[in-house]
Amino acid sequence: QSALTQPASVSGSPGQSITISCTGTSSDIGGYNYVSWYRKHPGKAPKLMIYVVSNRPSGVSNRFSGSKSGNTASLTISGLQAEDEADYYCSSYSSTNTLVFGGGTKLTVL
Amino acid sequence: QVQLQESGPGLVKPSETLSLTCTVSGGSISTYYWTWIRLPPGKGLEWIGYIDTSGSTTYNPSLKSRVTISIDTSKNQFSLNLNSVTAADTAVYYCASKVVGATSRFDYWGQGTLVSVSS
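Protein chains in written order, with the working numbering: chain A, 1 to 110; chain B, 1001 to 1119.
It is worth saying that the hints were derived from the structure and are not from the lab.
Among the hints, erroneous ones may be present.
List of simulated lysine-lysine pairs, DSS-like, C-alpha gap at most 30 Å [as the list claims (entries may be wrong)]:
| # | chain 1 | residue 1 | chain 2 | residue 2 |
| --- | --- | --- | --- | --- |
| 1 | A | K44 | B | K1043 |
| 2 | A | K40 | B | K1043 |
| 3 | B | K1013 | A | K68 |
| 4 | B | K1013 | A | K44 |
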């Protein structure tokens, strides 16, 4: 069971849009629509931002959106704000009831 | 609003057993699967395993030989034991609630507790 692959870092200016990719296999992302995304600020617990590929929990801004194509899921953040600067992690349900996370992506708002 | 709080020693010696407890409040313990996740320094999140309220467990295959997760529904608590620890097990350990079923959705998280493995 290998970690999902995310870019180590992405950056954007306030107001711009960025996309973070998350690549897995047919045993996880490609096989199930159970992809979630989490935002983690330093010293804080992760926060659920997206579940089941593209659903937002109550209270999460509609600037956050998710999608999936084949073995790759993506998180897009539009209208970047300073508060969006954080680490972002994808996760997926995998075969045999296991779960797997991505390595994390550090988002810098320039 | 479900709240989770981790507790346990912050320092464990190599080869010994790491033991943590998570106390659940503000909701029914039967509503979720209860999960342990860790964040090693400089690395990404790692799922350790989860337990349902019947006591059925599922573990990360890479840790399965060393991990035991248990639950005490009468106390609204679940616990993690990780044996034969090494420095590589140094991490912030989180407990979290996973939505029942085939999902990767963790709705609620504890604040996390740092466990260092050192002699």
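Item checked: Hint numbers contradicted by this structure -> Checked against the structure, the only hint that fails is number 3, while the rest are satisfied.
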